[in-house]
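S.K.: For the record, the sequence lines run as chains D and Y.
Residue 74 in the numbering used here sits at position 66 of the first sequence, and the numbers go up by one each step.
Residue 86 in the numbering used here sits at position 85 of the second sequence, and the numbers go up by one each step.
Some clues are possibly wrong.
A few chain D positions that, by computed beta-carbon distances, are all more than 10 Å from chain Y [said to hold, decoys possible]:
(1) Asp-26
(2) Thr-28
(3) Glu-34
(4) Thr-111
Below, a list of computed lysine-lysine pairs in the DSBU-like style, where the Cα atoms sit at most 35 Å apart [stated by the list, open to error]:
(5) D:Lys-46 - D:Lys-24
(6) D:Lys-24 - Y:Lys-15
(7) D:Lys-46 - Y:Lys-10
(8) D:Lys-11 - D:Lys-46
(9) D:Lys-46 - Y:Lys-15
(10) Y:Lys-10 - D:Lys-11
Stretch by stretch, here's where chain Y covers chain D in the computed footprint (C-beta under 8 Å, at least three residues) [as the list claims (entries may be wrong)]:
(11) 40-54
(12) 98-109
Please keep in mind that the hints were generated in silico from the structure rather than gathered at the bench.
Here the structure is a predicted model, which means the values were calculated and not measured.
Ideal placement from N, C-alpha and C gives every residue a C-beta, glycine not left out.
For reference, the chains in residue letters:
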Amino acid sequence: AQKVTQAQTEISVVEKEDVTLDCVYETRDTTYYLFWYKQPPSGELVFLIRRNSFDEQNEISGRYSWNFQKSTSSFNFTITASQVVDSAVYFCASSETSGSRLTFGEGTQLTVNP
Amino acid sequence: NAGVTQTPKFQVLKTGQSMTLQCAQDMNHEYMSWYRQDPGMGLRLIHYSVGAGITDQGEVPNGYNVSRSTTEDFPLRLLSAAPSQTSVYFCASSYRPPGHSTDTQYFGPGTRLTVL
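Based on the sequences and whatever the hints tell you, model everything.
M.R.: Next comes the structure, spelled out in structure tokens:
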């Protein structure tokens with residue numbers, strides 16, 4: 009069974025600060041998938057990124073970057089120069105080999121203050 | 002494209018009542034799924050479907066039924082509502098299972114259900 013732990017329940021930063029959201033996963037599969045989602049105050053869910061277990065390259069998309077380290081079973085998400093619009097709940101998730109069954113972490117509430 | 006639509010947006014039921022939450026997508030996605038979101042617990046997978054006529058259970062399937070007679074629709078049925086089913090329900094779709102898809106996974110706006 010998959011398990012995803014987001015130990016940071018809430019994070020509060022001031023605009024323009026960098027912030028890292030932690031995600032630790034547990035799995036017995038050698039092939040698995042990792043995801044990040046954003047849920048802004050409006051409530052909708054937005055897919056941000058998908059990673060497979062064979063690709064440990066870090067990824068950067070604008071102010072967002074993701075660091076995948078199999079050695080520590082972590083898939084951390086960094087927002088550079090945070091903005092108020094980044095305020096949201098961020099969920100990390102994992103999926104087993106079939107890619108069909110997602111397990112979510114409990115989420116991290118990020119508040120970016122002006 | 003309308004994306005993923007869910008109806009109703011809000012619903013109040015009495016214990017023991019049954020109802021169907023509707024989910025539809027117009028993107029010709031093969032994979033569809035239902036999640037429930039409870040405070041402090043993230044999202045939990047209820048049921049999913051990898052194509053018309055194929056459904057499977059997720060993490061918390063008890064008390065819910067699904068069917069997938071068309072590619073577009075994936076309704077979720079509550080057979081006999083219980084207060085423990087009070088939650089926000091999200092439907093999602095993608096071309097392939099999320100782990101195998103390089104495309105975006107889309108979510109509906111959610112249905113807020115209260116069972117008294």
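S.K.: Does each hint hold? Answer for all of them.
M.R.: Taking the hints in turn, this is what the structure says about them:
1. Under the 10 Å C-beta cut-off, the non-interface status given to Asp-26 (chain D) relative to chain Y holds; the minimum distance is some 25 Å.
2. The Cβ of Thr-28 (chain D) lies farther than 10 Å from every Cβ of chain Y, with a closest approach of about 19 Å, so its non-interface assignment holds.
3. No beta-carbon of chain Y comes within 10 Å of the beta-carbon of Glu-34 (chain D); the shortest separation is about 15 Å.
4. A Cβ of chain Y approaches the Cβ of Thr-111 (chain D) within 10 Å, the least distance being about 7 Å, so the stated non-interface status is violated.
5. Straight-line distance between C-alpha atoms of Lys-46 (chain D) and Lys-24 (chain D) comes to about 19 Å, which keeps the hinted pair within the 35 Å bound.
6. The suggested pairing of Lys-24 (chain D) with Lys-15 (chain Y) is violated, with an alpha-carbon distance near 48 Å, which exceeds 35 Å.
7. In summary, the hint linking Lys-46 (chain D) to Lys-10 (chain Y) is supported, as the alpha carbons are separated by about 20 Å, within the 35 Å threshold.
8. This hinted pair checks out: Lys-11 (chain D) and Lys-46 (chain D) have alpha carbons roughly 19 Å apart, not beyond 35 Å.
9. Proposed proximity of Lys-46 (chain D) and Lys-15 (chain Y) is supported: the alpha carbons are some 32 Å apart, at most 35 Å.
10. For the given pair, Lys-10 (chain Y) sits about 30 Å from Lys-11 (chain D) by alpha-carbon distance, which is consistent with the 35 Å threshold.
11. Under a criterion of three residues with beta carbons nearer than 8 Å to beta carbons of chain Y, the stated coverage of the segment 40-54 of chain D is upheld, 7 such residues being counted.
12. Figure legend: the segment 98-109 of chain D, annotated as covered by chain Y; annotation consistent (9 residues with Cβ-Cβ distances under 8 Å, at least 3 required).
Of the numbered hints listed earlier, those contradicted by the structure are 4, 6.
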